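S.K.: Chain residues, written in single-letter form:
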Amino acid sequence: MNSNREAKKSARSLFRACFTDGVLDPGRVRAVIGALAERRPRGCLAIFQQLSRLVRLELARRHVVIESATSLGESDLGDLRADIIRAHGNDLTFDVVIQPDLIGGLRVRVGSDVWDGSVRARIEKLPV
Amino acid sequence: MSTLVEEINAQIKGLQSSAAHTNTGTVREVGDGIARVEGLSNVMLNEMVEFPGGVFGLALNLEENEVGVVLLGAYGDIKEGDEAKTTGKLLSLPVGKALLGRVVNTLGHPIDGKGPIDSSTYYPLEKIAPGIIKRRPVTQPVQTGIMAIDAMIPIGRGQRELIIGDRATGKTTVAIDSIISQAKLNRQGEASGDSDFRPLYSIYVAIGQKNANVARVISTLEKEGAMPYTIVVSASASDDAASQYLAPFAGAAIGEWFMDNGMDALIVFDDLSKQAVAYRQISLLLKRPSGREAYPGDVFYLHSRLLERSARLSEEAGGGSLTALPIIETQSGDVSAYIPTNVISITDGQIYLEGDLFYQGIRPAINVGLSVSRVGSAAQVKAMKQVAGKIKGELAQFREMAAFAQFGSDLDDKTKGLLERGQRIVELFKQQQYQPYSVDMMVVMLYAMQQGYMDKIKVEKIKDFQSKMQEFFETRKAELLDKVRIKKAVKEELGIELKTALDEFTQFYK
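In order, the protein sequences belong to chains X and W.
Each residue of the first sequence is one higher than the one before, starting from 1 at the first, in the working numbering.
Each residue of the second sequence is one higher than the one before, starting from 1 at the first, in the working numbering.
Looking at chain X on its own, in the form it has when it is part of the complex:
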């Protein structure tokens, strides 16, 4: 229990060291991982697992998933990306997914925020 807590603490401090100007720096992350692998401190595996989780959550926070019922044209997609970058900053990564379940419209997820303009969401909102 204690070692797990210590691993969490160490991972958190290492994670904090991976930022440059408030943005996760992939170079620093790689350097930290390399140093950990080389020195293999006590509870190395737990630290790795915690660090991996923190990095995953941070990447997910800056990751955008655009779901669409049909494939979008390049220009529409470009406009959409530009709008999202304008609102949320330019350190975002993008994924575009074709999701026929949506029936029509778009569903955009930025981190944990979701903007759902799909037909499916509107149907679900209809009073029963």
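No wet-lab data here; the hints were simulated from the structure.
Source: prediction; values computed, not measured.
Heads up, the beta-carbon is just placed ideally off N, CA and C, and yes, glycines get one too.
Incorrect hints may have been included.
[To be verified] Quick list of the computed label-pair ranges, beta carbon to beta carbon:
| hint | chain 1 | residue 1 | chain 2 | residue 2 | range |
| --- | --- | --- | --- | --- | --- |
| 1 | W | H109 | X | V119 | 29 to 35 Å |
| 2 | W | A215 | X | I123 | 37 to 43 Å |
| 3 | W | A212 | X | I123 | 42 to 48 Å |
[Claimed, not checked] For lysine to aspartate or glutamate, the following DMTMM-like pairs were computed, each having C-alpha atoms within a straight-line distance of at most 25 Å:
| hint | chain 1 | residue 1 | chain 2 | residue 2 |
| --- | --- | --- | --- | --- |
| 4 | W | K79 | X | D83 |
| 5 | W | K85 | X | D113 |
| 6 | W | K430 | W | E420 |
| 7 | W | K85 | X | D101 |
Take the given structure of chain X and dock chain W to it, following the hints.
M.R.: What follows is chain W alone, placed relative to chain X:
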């Protein structure tokens, strides 16, 4: 004109294309009624979180990278990777008069099979208690119909009076008797057409109890005709811990509606020990640090914020009130345990029920020495104060002397008299369950005791004397009882009338 239509159409188009914004997260782990959700970056404390399948949870732990959500209802279908979303709403339930006569769960859903509840008003479960400015002192009585309580430990509207005792000592019975008494008074008040009459509605919150016990309570309330003035909130032993922890707050929200709308309500929390246990379970599963008896550090605040919601509001705030009768179960009479001491310190007094007295046949088994009402005497009817003023002292002296008298038989006349009187008072205060007395009847009985009419009656005949006296007054002196009820004080003239009636009765009593 056409441009105007175009503008409206543009607005409609804008509305149609607007996307719903939600804050979502992903379930990382689920078990024991707790879901750990990653994401949910904008979730508020105590906000309702929606899971697939219409299951809701309550965000109780906001941590750096995840949120601890307590699940409400059937959560068997929730799995790792499911999406959870914030709702922007605090947990709330329907309130209002439509709930009277109904049995609901913690979320206000009916569980009595009598169809949906027609209420459009919703109250949040967690609400800040009324502040100092909105309150006023307790001055109106709650007639429990239990003579020992109304005479010696009076309860006022807006008071918080703890009912404490071991298992099977009659705690629930005291509470149910009070509810039945309120229903009787409400019916009388409505029948009298008195415009100043303020009915007292009752809310019974069953926490962690066996379903059979809850069913028995409901059937008793129905049998005694109390259900039309009562709401039952049930979170039984088979319900999840979150429901048991939240049930008292649900009851308090229902009661607050009556209070906020200028009405009076009485709420029974049966019992808060089980609520504390449910809260301990949730806290430990949420990995919150534990303290004494493994309860979390905020278990005092859990009860204090709940009981602070009972109040008597000022005229400007509507003049309503919420009286609380929390129940605490002790283990082997240990009132110094963690939860009992907490709740004793929060409430405005306690009714202590003792197992020994119960098994001696003294029921309600109220230990007069340990029971106290800190604010209720201000609310006591004057007539009751006049006739019961000395009784608590006499009874306390009797208990002391009774223990002392066991050592020898040579007692002086004064001590003998004290013991004789004490034995008769104990007998007088014995009362059958579900048979509350009216305040005027209690005044007459206590007046008879005070004036020595029972001194010549054998101790074992006191109950017989009492019941015949009750019958005599109810059938032949009903107008005198009405006078006592209306005048609310035993003045010289009324005293003479009472003495005449009592003389008349004692002449015929055999």
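S.K.: A separate judgement is required for each hint: does it hold in the structure or not?
M.R.: Against the structure, the hints:
1. H109/W / V119/X: 29 to 35 Å: At roughly 31 Å between Cβ atoms, V119/X and H109/W fall inside 29 to 35 Å, so the hint holds.
2. A215/W / I123/X: 37 to 43 Å: holds, 42 Å
3. A212/W / I123/X: 42 to 48 Å: holds, 44 Å
4. K79/W / D83/X: violated, 34 Å
5. K85/W / D113/X: holds, 9 Å
6. K430/W / E420/W: Given that 25 Å is the threshold and the Cα spacing comes to 16 Å, the pair holds.
7. K85/W / D101/X: OK: K85/W and D101/X at ~19 Å, within 25 Å.
Going down the numbered hints, you'll see the structure goes against just number 4.
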